[in-house]
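> Which chain is which? The protein sequence lines are A and B, in order.
Using this note's numbering, the first residue of the first sequence is number 63, and each one after it goes up by one.
Using this note's numbering, the first residue of the second sequence is number 9, and each one after it goes up by one.
I should point out that these hints are in silico values taken from the structure, not numbers from a laboratory.
Worth double-checking, as some hints may not be accurate.
Claimed, not checked - Here are some chain A residues the structure puts well away from chain B; computed CB gaps all over 12 Å:
#1 68
#2 262
#3 329
#4 524
Claimed, not checked - Per the computed footprint, the stretches of chain A lying under chain B, defined by three or more beta-carbons under 8 Å from a beta-carbon of chain B, are:
#5 207-217
#6 317-327
#7 333-345
#8 364-374
#9 535-543
As the list claims (entries may be wrong) - Straight-line alpha carbon distances no greater than 30 Å define the calculated DSBU-like cross-link-like pairs of lysine-lysine that follow:
#10 A/271 to B/360
#11 A/505 to B/32
#12 A/589 to A/611
We treat Cβ as the ideally placed atom computed from N, Cα and C, and that holds for glycine.
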Amino acid sequence: MAKQVQQLDRVIIRFAGDSGDGMQLTGDRFTQESAAFGNDLATFPNFPAEIRAPQGTLPGVSSFQVHFADHDILTAGDAPDVLVAMNPAALKANLADMKPGTAIIVDSHDFSARNLIKAGYETNPLEEEGHGSLAEDFNLSVLDLTGMTVEAVKEFGLSRKDAARAKNMFALGLLSWMYGRPTETTIEFLSARFAKVPDIRDANITAFKAGWNFGETTEAFVVSYEIKPAKMAAGTYRNISGNLALAYGLVAGGVQSGLPIFLGTYPITPASDILHELSKHKRFGITTFQAEDEIAGVGAALGAAFAGSLGITTTSGPGIALKSETIGLAVMTELPLLIVDVQRGGPSTGLPTKTEQADLLQAMFGRNGEAPIPIVAPQSPGDCFDAAVEATRIAVTYRTPVMLLSDGYLANGSEPWKIPDIADLPKIEPGFATELNKTVTAKDGTTTEEYWPYLRDEETLARPWAIPGTPGLEHRIGGLEKGDGHGNISYDPANHDYMVRIRQAKVDRIADSLPPLEVDDPSGRAKVLVLGWGSTYGPIGAAARRVRKAGMDVAQVHLRHLNPFPKDLGEILKKYDAVMIPEMNLGQLSLLIRAKFLVDVVGYNQVNGMPLKAAELAEAITDLISSTGDVHAHEAGPEVSTGEMETVK
Amino acid sequence: MTTQELPFPGLAGVPTNEGPQNRKEYTSDQEVRWCPGCGDYAVLAAVQGFLPELGLRRENIVFVSGIGCSSRFPYYLDTYGMHSIHGRAPAIATGIATSREDISVWVVTGDGDALSIGGNHLIHAMRRNVNMTILLFNNRIYGLTKGQYSPTSEAGKITKSTPVGSVDHPFNPVSLALGAEASFVARTIDSDRKHLTSVLSAAAAHRGTALVEIYQNCPIFNDGAFDAVKDADTKADAIIPLVHGEPIRFGALGEDGLGTKGVARDDAGGGVKVVAGDDPAVLVHDAHNPDPTVAFSLSRLTDAGVLHQAPIGIFRSVARPTYDDGAREQIATAAAGQDDHSAALASLIAGKDTWTVL
């Protein structure tokens with residue numbers, strides 16, 4: 063039978079299996095193939111907190127969703143077009159997200175009575191027929207992927223278990239054929255990955271090729287698909303995840319400032335990959351210190367900052383809670399320090415592998431006393447690079463701890479990234495103090511030259527940074543209140559009031575260095591503004607596109623700087639009849655915006671550990687436009703199930 | 009004064025000063041604000057007198073402290089310094105020591121700061137053997153918070169927070185340090201300037217973490233806690249002097265000019281015991297013994313309750329690779345000949361799998 067090739071503009075595939083089935087690797091390889099092919103793409107890995115949850119159970123299901131297209135896309139997609147399910151649990155756990163008619167490819171091999179029970183199936187869903195069955199509701203393909211894999215790799219004499227483990231590569235091969243993906247990168251990858259175990263290497267490559275060949279020859283699939291490369295701005299691209307981009311951004315911050323990096327940290331999901339990555343790059347003079355706890359991590363980073371390094375600590379929300387006191391010390395001592403919070407579901411241990419944006423208020427206020435710190439948030443995986451460089455700029459220029467708020471969705475998600483030219487990155491000047499800076503006149507008129515560690519730069523209000531080893535500038539700093547200028551301990555009431563205000567003023571002053579906000583309002587007629595921050599950029603952008611496609615007007619502004627806010631934000635907010643703030647929390651930015659600007663914002667809040675869905679958000683935006691009386695507004699669609707629209711209490 | 013020639017291994021890499029220095033240069037312009045009679049004054053005076061003898065460039069010395077009475081120490085020295093937060097000084101000092109080989113790093117801490125809130129950082133600093141000298145001022149009480157019992161207070165101690173007596177068991181800081189595999193552990197007394205200085209000198213000479221427990225009297229909240237080792241009448245019996253290469257003898261002097269009491273292995277209990285000074289089994293102190301067993305046993309001769317007897321001196325001083333040297337060596341190896349960071353960064357971020365859009 064002749065195979066047909068059908069053109070598509072975009073496809074969403076979800077690979078799902080047991081956490082030991084290698085679904086993350088499979089998804090990652092498919093992503094790399096798609097990136098190499100030139101599609102725009104976005105990915106969403108979703109996995110359990112347990113390394114190996116009980117095999118075959120619902121909690122053990124791991125999945126990887128990849129959205130690729132011939133045009134610019136913003137999210138990993140709401141509902142998949144194709145589900146690849148490697149066992150009954152993977153099928154059951156993901157079925158609720160599938161629209162009727164979705165293509166589902168199931169490995170039938172593990173649909174034994176025992177595995178069906180483990181997944182909570184009373185009967186085999188693959189064998190059901192008639193109304194409400196899988197076969198009727200979906201475009202179901204039942205294949206013995208494992209059996210075919212074992213057969214294909216027979217020649218390598220592996221144990222049955224080892225042979226079966228290559229089934230993910232068989233599935234990858236099949237999907238690669240189906241969507242016309244280039245195969246070279248995967249073969250090269252497998253060759254390198256398993257170079258030391260030739261049998262395993264050859265079995266995986268063989269399984270991958272067998273999957274491809276099966277697609278080509280079987281009559282089960284008569285159509286393959288073509289998704290043309292996306293039109294992207296000229297440049298050299300790579301695929302990159304948020305944590306990797308963030309780590310590279312930190313390296314860049316070190317190179318651009320000329321400061322050696324000292325990372326003091328403690329392993330925590332989902333931030334540990336930044337430690338792993340930086341520990342590989344000692345050639346840049348990067349020290350990675352895996353401390354005994356979160357507190358020691360940030361303490362050592364602050365000590366290194368005092369000694370002239372770019373001090374960095376990386377963690378997630380629970381770690382920030384432990385580091386709070388040291389961050390306060392960094393506020394008081396006015397030393398540069400980068401604090402990276404890759405947010406995850408909370409409170410407490412919460413949902414370690416899921417995403418959330420609920421640390422904003424902790425970043426903003428989570429310290430004793432008046433302890434303001436700047437907050438910077440990246441908006442996409444690739445943007446983590448620029449956000450890290452920006453956080454470094456602020457920390458070094460203003461001598462302050464800076465919070466960089468990433469999240470689990472950004473950390474593990476990936477997208478094509480236009481590789482920046484190093485020459486275009488900002489140069490960051492540490493400007494260490496080397497000279498005495500104050501002439502002190504005694505009562506008798508004699509003068510002495512001194513070093514005052516708390517004299518401030520007129521423009522930035524930053525204090526000088528004199529590092530040990532600098533002769534004549536010996537000084538002591540610490541957590542007790544400082545006297546203005548000279549920096550000695552001071553309990554003077556008026557001085558404390560002044561110092562509290564000047565520390566706040568210094569952080570506020572950062573706004574002078576920020577560019578104007580970009581307002582995305584293509585028609586210029588929008589009456590509703592959607593304001594976001596962090597990883598919701600993709601879903602908000604995608605939702606705004608849907609709304610505009612339906613003929614309505616909506617404006618989008620996305621904040622990189624959460625503290626201080628850009629200077630033009632207040633004016634922008636006042637231009638719109640209504641402002642919606644979608645967040646993966648109960649309204650933390652809403653609270654700040656209301657407090658700061660007295661604008662009655664509408665929250666769109668979802669805290670289910672998953673990224674916002676563009677379609678649901680578009681509905682909510684449409685509703686708001688309708689209720690705001692926009693002339694273009696029309697009836698809203700069906701009610702949304704998750705993500706409720708509410709005002710902040 | 010010193011038993012080792014300058015420069016000390018512990019200070020290798022720290023630039024030395026040209027010409028002599030004096031106490032005045034090391035004294036800051038800040039008024040010292042401890043209570044009258046506080047043991048901290050004596051230690052400060054000893055340190056201010058001792059630092060010039062090291063001959064280091066003053067700007068290459070950093071004192072880091074936590075919170076507590078003794079933690080005000082850095083303000084009174086005209087070096088670089090940081091008065092940090094409660095218990096965290098060893099962590100902050102680890103960052104300084106690891107990132108800068110050319111800095112002599114000192115930590116000033118107390119029994120509450122080091123052993124209670126900061127216990128974790130203390131044991132891990134010693135385990136890693138980061139090159140720093142830790143002065144642990146042990147007054148067996150919380151002074152700055154006005155008199156609660158501390159992790160070194162004896163059981164039964166009556167304080168503001170334990171009106172009918174503490175039911176806590178105290179730490180023995182020397183035992184703790186030896187258990188944490190510290191490479192240098194010593195104990196000295198605030199009022200014995202000569203001994204204090206000699207121990208500080210040996211600690212500074214040591215490469216790695218040197219822990220020095222200083223018995224320090226708090227005249228306000230725990231006055232007399234160390235009288236047994238200070239009073240002329242009792243100290244001969246109370247102080248068990250540990251001097252490397254010398255027999256461990258104490259008590260009133262015998263005919264041979266040494267103490268009438270000695271310390272020997274206790275074969276029955278596995279530790280050490282007090283025997284007659286002329287007992288041939290009396291141990292010769294070996295601070296360099298790679299096996300810490302005897303040092304630990306010696307530390308157990310310290311009273312856990314009211315102090316009547318304690319070994320004083322250097323319990324252990326052994327060479328072991330330091331964390332900071334190891335970390336710097338890895339970087340030096342990786343960075344050798346890699347001067348063009350911009351080019352390396354461009355290559356790093358591009359990675360291997362790229363595609364170009366024209």
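> Can the restraint linking residue 589 of chain A and residue 611 of chain A be considered satisfied, given a maximum Cα separation of 30 Å?
holds, 16 Å
> Between the segment 333-345 of chain A and chain B, see if three or more residues pass the 8 Å beta-carbon test, and mark the coverage as holds or violated.
Three-residue rule met by the segment 333-345 of chain A, so holds; n is 3.
> Quickly compare the C-alpha distance for residue 271 of chain A and residue 360 of chain B to 30 Å and report which way the hint goes.
Distance of about 23 Å is within 30 Å: holds.
> Verify this label for me: residue 262 of chain A is non-interface relative to chain B, using a Cβ-Cβ cutoff of 12 Å.
holds, 22 Å
> Under a C-beta cut-off of less than 8 Å, do 3 or more residues of the segment 317-327 of chain A approach chain B closely enough to confirm the stated coverage?
It holds, with 4 qualifying residues against the three required.
> Checking the smallest CB distance to chain B, is residue 524 of chain A really beyond 12 Å?
Check passes; 19 Å lies beyond 12 Å.
> Please check whether the segment 207-217 of chain A has three or more residues whose CB lies within less than 8 Å of a CB on chain B.
Contact hint for the segment 207-217 of chain A vs chain B: violated, 0 residues under 8 Å.
> Does the alpha-carbon distance linking residue 505 of chain A and residue 32 of chain B stay inside the 30 Å limit?
holds, 23 Å
> Looking at residue 68 of chain A again, its CB stays over 12 Å from all of chain B?
holds, 24 Å
> Under 8 Å between beta-carbons, do enough residues of the segment 364-374 of chain A, three at least, approach chain B for the coverage claim to hold?
holds (count 9)
> Taking the shortest Cβ-to-Cβ distance between residue 329 of chain A and chain B, state whether it exceeds 12 Å.
holds, 15 Å
> Please check whether the segment 535-543 of chain A has three or more residues whose CB lies within less than 8 Å of a CB on chain B.
holds (count 8)
Of the hints listed earlier, the one the structure fails to meet is number 5.
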